[in-house]
Every structure is written in structure tokens, then in C-alpha cells.
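Asker: Residue strings, one per chain:
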Amino acid sequence: MSSIEESVGENVADAPTLDLDEIQAIVLRPRPAPYFGTHVLLRVDNAQAGRAFVRRLAPHIASSANWWNAPHTWLAVGISYTGLEALGVPKESLESFPEAFRQGMAARARQLGDEGVNDPKNWGKPYGTGQVHIGVSAFSDSEEKHQRALAVAREQYEGFSGVSALGMQHFGAQPSDRNSLGYKDGIDQPPIEGSGVDPLPGQGRPIKAGEFILGYPGESGVPLPMPQPDIIGRNGIYVGYRKYQSRVGAFNRFLHANGNTEEERELIAAKLVGRWRSGAPLTLAPEIDNPTLGADPQRNNNFDYANDPHGRQVPFGSHIRRMNPRDTKLSRLTDVNIHRLIRRGSTYGLPYDPNALSEEDDEAPRGAIFLFMSAKAMATIEFLQQEWINDGDFIGAGNERDPIIGRQEEGATFTIPKEPVRRRIHGIETFNVLKGGEYFFMPSLSALNWLANLGG
Amino acid sequence: MTTLERTRTEDRVPDKIKRVQELYADAPEIGRVALKNGLENLKRELAAVPGRQSAGRIGARQGKVSELTAIIPLEPGGGKRIRGLLDLLEGNFKGADIVGTLHDMRFVLLENDTKLLFCTTYDGEWDAYIDDFVTKIPNSMDILFCNCLGWPGIRSPKIKDWLVKNQITADAWYVSNPDMSVAQAHRLERVGRAVEELLDKIG
Chain A
0 MSSIEESVGE
10 NVADAPTLDL
20 DEIQAIVLRP
30 RPAPYFGTHV
40 LLRVDNAQAG
50 RAFVRRLAPH
60 IASSANWWNA
70 PHTWLAVGIS
80 YTGLEALGVP
90 KESLESFPEA
100 FRQGMAARAR
110 QLGDEGVNDP
120 KNWGKPYGTG
130 QVHIGVSAFS
140 DSEEKHQRAL
150 AVAREQYEGF
160 SGVSALGMQH
170 FGAQPSDRNS
180 LGYKDGIDQP
190 PIEGSGVDPL
200 PGQGRPIKAG
210 EFILGYPGES
220 GVPLPMPQPD
230 IIGRNGIYVG
240 YRKYQSRVGA
250 FNRFLHANGN
260 TEEERELIAA
270 KLVGRWRSGA
280 PLTLAPEIDN
290 PTLGADPQRN
300 NNFDYANDPH
310 GRQVPFGSHI
320 RRMNPRDTKL
330 SRLTDVNIHR
340 LIRRGSTYGL
350 PYDPNALSEE
360 DDEAPRGAIF
370 LFMSAKAMAT
380 IEFLQQEWIN
390 DGDFIGAGNE
400 RDPIIGRQEE
410 GATFTIPKEP
420 VRRRIHGIET
430 FNVLKGGEYF
440 FMPSLSALNW
450 LANLGG
Chain B
0 MTTLERTRTE
10 DRVPDKIKRV
20 QELYADAPEI
30 GRVALKNGLE
40 NLKRELAAVP
50 GRQSAGRIGA
60 RQGKVSELTA
70 IIPLEPGGGK
80 RIRGLLDLLE
90 GNFKGADIVG
100 TLHDMRFVLL
110 ENDTKLLFCT
120 TYDGEWDAYI
130 DDFVTKIPNS
140 MDILFCNCLG
150 WPGIRSPKIK
160 DWLVKNQITA
170 DAWYVSNPDM
180 SVAQAHRLER
190 VGRAVEELLD
200 KIG
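Here the protein sequences line up with chains A and B, keeping their order. Quick note on numbering that gives the first Met the number 0: the first sequence kicks off at 0 and runs consecutively. Quick note on numbering that gives the first Met the number 0: the second sequence kicks off at 0 and runs consecutively.
FYI, nobody ran anything at the bench for these hints, they're computed from the structure. Don't be surprised by glycine CBs; every beta carbon is placed ideally from N, CA and C. Keep in mind that the hints are not guaranteed to be accurate.
[As the list claims (entries may be wrong)] Quick list of the computed label-pair ranges, beta carbon to beta carbon: (1) A:N259 / B:R189: 29 to 35 Å; (2) B:G191 / A:H309: 16 to 22 Å; (3) A:D20 / B:D86: 54 to 60 Å; (4) B:G152 / A:H309: 35 to 41 Å; (5) A:Q227 / B:D103: 38 to 44 Å; (6) B:K17 / A:M167: 35 to 41 Å; (7) A:Q227 / B:C118: 33 to 39 Å; (8) B:V48 / A:A256: 29 to 35 Å; (9) B:A184 / A:G115: 24 to 30 Å; (10) B:C118 / A:H255: 48 to 54 Å; (11) A:D20 / B:V48: 55 to 61 Å; (12) A:R55 / B:D160: 38 to 44 Å; (13) B:V163 / A:Q47: 36 to 42 Å; (14) A:A164 / B:E21: 55 to 61 Å.
[As the list claims (entries may be wrong)] Below, in silico cross-link-like pairs of lysine-lysine (DSBU-like), each with a Cα-Cα straight-line distance of 30 Å or less: (15) B:K42 / B:K17; (16) A:K90 / B:K17; (17) B:K17 / A:K328.
The following block holds chain B by itself, in its conformation from the complex:
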């Protein structure tokens, strides 16, 4: 970001403060008081360089990391199958380890198990590795997602459109280490261990 762009961001702060004050004009009193007392801290964040990016066709991105949030209606009986399957896995997702781009996955069954909230944080662009799932782990994908309404099958050319239809881009999203990919974290763990070993030897 150039100096010029940064100046412009800072120039926008008074306007942003005015707008947040307008937004909170009819807020509950507790909120109005908090805004007044917390305005100094908020100013710093409003003045910061924007971090929001797009993960491609859909989803938000910060640095190397992207988010996927989807609320997916389930097939009849699909909620029961997903709940049963996840119970049997007892929190083990070895299959997900090999993907190498997944930071986390969250499954929440909603509305009497008729809908699935699926959230994940992953590295890179939205659809970079979907074709690899098709040839490398098609069964894992279909076992889980066949329970979702209208799942066309991982091999279907319609798969990306189906995902887009169910995905909702996060309105806001915080990432502590936007440049820390899964691969980079593993690498730094290895480097850290090696450094400690070296220090053990010479210390």
C-alpha cells in the first residue's frame, strides 16, 4: 500500500466516526455509553489499513487464509446420519489432515437436525483444490455431503455451483496470523524443535 492510499484511509476516520455515532444514536443506553467511552480505541481500528479481501468466487480472505461458511438444508434423515457419523469419528479427522490446507472445520446441526452449519478456515483460493478432492478423496466427500439437499456428487461438474449456492460470505472475520498457512505452521514447528535441539546441545 502506497503512502497516498494510507493517507486516504486516515482521512476517512472522522467520517467513519460520524457514521458509527449515527448508527448508535438509537442503540440501548449501555451501548451509547460504551461507544462514548470506547471511542479512542475504536479510532485506532478504524484508521488501520483494510484487511478484507475476497477468497475468489465467494468467501472472505485475510492474507493467505480464507473462510467458508455454509448453511445447508439436509435431505430427510440426513441430520441423523451426519450426527451418527460425527459421533463415531469421536473428533478424529485424519482424512482432513492429509488435505494440508484445512485449519479447522466446524459442524453444527441446526433446527432439529434439518440444516447443517459448516464453517472452515483454509489456505488459498476458494476452488484451487476441489478438483483434487474429486480424484483423491471422492468417497470421503460423498459420504459426508450426500446428506445435504441437492448434493450433485463430488464428481459432478455442477459441484462448484452447488457450493456457491449454499455458501454465505462472512460479513466480518478476524484472523490472528493471516500469513500463517497450515504448511508454514508445520514448518515453523519443525524449525522450532530443531533450534531447541541445537540450543540443548550447545547450552
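With the rest of the complex left out, here is chain A:
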């Protein structure tokens, strides 16, 4: 394939230097380990009061300055399209935002494949109602500092009229930094050019900053379309917020139905994701888990699929091979570097319980809220949902879907390639059910001030 692919021609001569003072901290700072936090969802009932809230909050929103060496506590803020309307953003500016963002995530259910159990009509309130105007997230590496940061956020709207809290979702890492299905997560992030830090081993070459942050050249050599005026768009980023409920009982029943021993079940769990629950990648630890490897950021992502062309270590259909195929030969002309997202996952609810097997366990509040961020997050999430999550053709997996975040249909299967014949497992279910979602725009710090001072 590579001989036919073309070079893009003139690239920008100098690597862009990111305005780290302007970009919100959450964009570049990795999730703390361990992590504690809260997402607050707010409604603006009055434009002037909403802008006053933004004005009070803005000084507390951390930037990405010195992000590699900054404190592990920060506040971030995102505004939905209905939120921009509610704040009184002028019509010409509103119309310069992309269509999918303006419609909102619930209205894009068809393009996102959010149907059946994931249909917005099954979502919990206030998601998809158009009332979620502003989202504020507090992240920290300690419960105490998280509570202090959250208190600072609350002081800016509590006791003021015109801004109402619709909901508050606390989250935090489970024991050993695991997610609601028992895996260490959030390991593989896209490396961003000009961010000031070399990629970790295995991250690949840095991707042009404009794919992620508005106002910089992207992989094609030109910046992606940016909302206007420049002051609101530049250094901003779009966020897809998706809340999943983990059906832990169904997940464990599936493992028990297909593995007779603890070892067999753990191997199947590893094949579904492409990593052992410790985070150790199957490429580097194909036979048995290696928790030391899983915990080492210098090594746990340092691999490609050059020696695994048949998927015998990491199945083609596994979660990590789908979400970042690396050097896998794909059946469709694909530039893997333009379908990446910065992810900030946040696990909420009960910890994973390997002994939870009942249908009641499926409903116990427990899951993850993902923040997927890029300069075209709406288009990328739609692409991923259509092509890499709820289909398998792109990677030779036929009609199979992502075993972790896919929405499975009746009779779904998961194939584990091996010698002499593959093992095809039947009865895979939807293990993570979508319970809500919103699109936000996360403005730069200057854009926050511009928004705060609209209308004088």
C-alpha cells in the first residue's frame, strides 16, 4: 500500500509552538494517578447571569502552561451549543460552529449508531434534553484536593441566581487504578506535535497539533475549520462526553461461559481488550500477565503489530487494535493519525467485582464517563462509531463489533485467531450501555474572557 500512497506536498516549515498559556489544562495534562474528581452539569437560565458565572469561574480554569510539571489538580470548563446560545453568543458566531456540534449528540444518534439500548430515549436526565449548557470538571490526585477544587467551582454558581446545577457526577480510580470492568485504562494517548514533550516509547511520531487544537495546521498541512471570530475558536477543542453503564454481571457471565478456570477467563478478558487487566499488552506478554510491564509507562505501550499480522497475539477485533490499529494492514485506505482522540476517562460507581454474576449487578451504578477531545471530535467520534467500533470490515473482522464499547446485536460473535483454527465465541453482549452524552466546546482562556464580556 505504501508505495501508492502519496506525500502530502508542502508541509509547514516550522513546527507550531502551542500557546500553552491559552489551552485548558485538561487537554495536555495526563489524568493523575490515582485520580479523584467530579463532573458538574449546569444550565444557564439568564444570559447575563451566565456570563457573570463564566467571568467568576475563568480565573480558576487551569491552563496547560508547564503541563509536564504542573500540580495534579485542575478545573476545566466546556460549553454546549445550547449553552453558547444561552450565553448570548452572536448569531454569526453560532453559525460558524460545525453542524454536528450545533445539533448535539442526541440528535446525531443515527450517525453515531446510538440505537437500540443506546438510544437517547433511554438516557438518564438531563442528557440529550438541550438543557446541559455548561460542564465543569474537577480532576485531582487526592480526594481532599479534589473537594477543594470542586468547592471553588461551586462557589461561583451557588447562591447566585440564573445558573442551576442539573447534576453532579463524582468519579475516581478504583483500587489499583482499574476501570469498571477491572482493567487499567487510559494508557495509549496520541502524541501532539509542539506540545513540548517527546512521545513515550510506542506512541509513534507526533501528530500535527491542528488535528487536536484549533488554530494550528493539521495533518493535511492546513488548519481545520475554526469557529469565528478567531478569539473564540483559537486554542479551543471540542469534547464528546459519553457516559456508559458497565454491565459487569453480563461481562462476568460471558467470561464464565467461555473459560473454565481463572486463567482461561483472564486470557479471554485480555483477548477482548488486547491487554491484560494489569495494562500489559498481549504483544509483549502473549502467554501470561506481566503486571510490572503493565505498570511501566516506558514499556507498556512500546509495541507495534509487525510480528502479529494474523492477530494471534492481539485479535484484530480487540479493543486496542481497533482504537489504534498502529501498523496493521487495513482493508480501507485509512490514515490512522487523523482518527485519534485525546481521552480523559473517568470511572464512577462501584469497583469491579469479579464475583458479580447476576442481572442486578448489571444495573448497579458503575461505569465510565469518557471525554473524547479533538479539533473535530464530532466527526471523529462518528467515524469511530461507524467504522471502528460498530463494524469490523476495516480490519478484516467482518460484521463483528468492538467487544468492550460496541453495541452488540443478536447472535454477535468475537473471533480469536489462533493455530490451527480460530476460536469464534458466541453470545457476546453489549457490556457498556450508553446512558448519556453531550458535545461541548472547550474554549481557550482568552475565549472564556471574551464570552464572559459579551454584551458589555
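Keeping the supplied structure of chain A fixed, place chain B upon it in accordance with the hints.
Answerer: Just chain B, lined up with the frame of chain A:
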């Protein structure tokens, strides 16, 4: 589709027959006779579950497969260049093979080579891979489509709007295997060969 929805589709058949009869009331006699004689067969099709879907922003879709139909005015001299280029290719589209989602492409120059009829059948959603064309095969796209009036260049953020402006959604479209993607067809060819080999060995 639920049982309830299916019943509703069947309920609509008498009404549909009435409407097609009204449509054909002033048709040429040959058509009126044919409708009368062929009504039984038509009933079955009218009663079938609807297959029409949208391919996204524009275009029709059946199962996994979508259609794109466009009639595009050409730049002065553009028709000559496209005709010359297509002649030189002599029917080889190796570049299109690597795209992996294209079932076919049809180029027809119309009205003294001043317009291009471009039709293609492809897998999936309307704009899923356009960004990949931008970084992977920008020159192939620009060499061909620069001849079209107002082509903004494949790298332009206006490219999707330009395509929509020139595209016409098919009024009707038939697909024999709506769930057969290009990738799936290749896979089944491989499986078929492997099965034949196995049967050769044991037969």
C-alpha cells in the same frame, strides 16, 4: 422491524395499489394493460419491507452500501482533459483499489464534454473517508477533479459542501447484496478458495 411495523406496511398495500392505478390512468395504453396484467407481481414488491435509507448528509443507502450520483459542470477544457486522462488509463484504476470501499465508478461526459456524470457505489457513510483522501491520495483527487467547475481542492475545508452542491440523491436504487461490502466480498473469496482447497485435499 417489529411485527407491528410489518403489519402496517402490509396495511398500506391497497392504498398503494390505488395510487399507482391513479398514476397510470393517463399512461399510454401499453402501460395501462401491463399494469393490469402485472399487478399481482407488483403487489408483492409494494408489500415488502422498505429498504430505503440515507447515506448521511446526501445520497441513498441500502444496508452497508451507498450511492453517489453527481452531474458536475466542467471548467473550460476540462472535458478534453478528463477524456484524455481516462483514455490513457485504459480502464485501470489501481489507485481506486487501495481505497477499499469503492464497488464501482462510472464517468460519462455529457453535452459536448461540458458536464461530467459521475456515479459510484461505496461502503458506509457519505463522508467517512474524505479526510483520509486528503492526507493519503490528495494528488489523485485533484488531478481528476480539478477539471470540475469550482473544485476548491481536496484540502479545502469547503470540499464537503462542494460535493453536496453537485450531488443528486438517486430517486431509486437497487442493490442485490446490500450487506456485501467490498471487504466482505474479498473475505468471502478467500474463504471460498480455502474451502475448495480443503475439499480438493479430502475429496
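Asker: The structure should be examined with respect to each hint, and the outcome stated for every one.
Answerer: Against the structure, the hints come out as follows:
1. Under the hint 29 to 35 Å, the C-beta atoms of N259 (chain A) and R189 (chain B), about 33 Å apart, fit the expected range.
2. Separation of G191 (chain B) from H309 (chain A) is about 19 Å and conforms to the stated range, judged on CB atoms against 16 to 22 Å.
3. In this structure the hint that D20 (chain A) and D86 (chain B) lie 54 to 60 Å apart at CB holds, the actual value being about 58 Å.
4. Between G152 (chain B) and H309 (chain A), the C-beta spacing of about 40 Å keeps the proposed range 35 to 41 Å intact.
5. The hinted range of 38 to 44 Å is satisfied by Q227 (chain A) and D103 (chain B), whose Cβ atoms lie roughly 40 Å apart.
6. Under the hint 35 to 41 Å, the C-beta atoms of K17 (chain B) and M167 (chain A), about 58 Å apart, miss the expected range.
7. For the pair Q227 (chain A) and C118 (chain B), the supplied restraint of 33 to 39 Å holds, since their beta-carbon distance comes to about 36 Å.
8. Between V48 (chain B) and A256 (chain A) the C-beta distance comes to about 34 Å, which sits within the given range of 29 to 35 Å.
9. A C-beta distance of roughly 27 Å is found between A184 (chain B) and G115 (chain A), which places it inside the suggested range of 24 to 30 Å.
10. For the pair C118 (chain B) and H255 (chain A), the beta carbons lie near 52 Å from each other, so the given range of 48 to 54 Å is met.
11. The supplied range of 55 to 61 Å is met by D20 (chain A) and V48 (chain B), whose beta-carbon atoms lie about 58 Å from each other.
12. A hinted range of 38 to 44 Å for the beta carbons of R55 (chain A) and D160 (chain B) is consistent with their spacing of about 40 Å.
13. With their beta carbons about 39 Å apart, V163 (chain B) and Q47 (chain A) fall inside the hinted range of 36 to 42 Å.
14. Between A164 (chain A) and E21 (chain B) the CB atoms are about 59 Å apart, so this pair conforms to the stated range of 55 to 61 Å.
15. A distance of roughly 11 Å separates the Cα atoms of K42 (chain B) and K17 (chain B); the hinted pair therefore holds under the 30 Å criterion.
16. For the hint linking K90 (chain A) to K17 (chain B), the alpha-carbon distance of about 48 Å lies beyond 30 Å, and the restraint is violated.
17. The straight-line distance between the Cα atoms of K17 (chain B) and K328 (chain A) is roughly 54 Å, outside the 30 Å bound, and the hint therefore fails.
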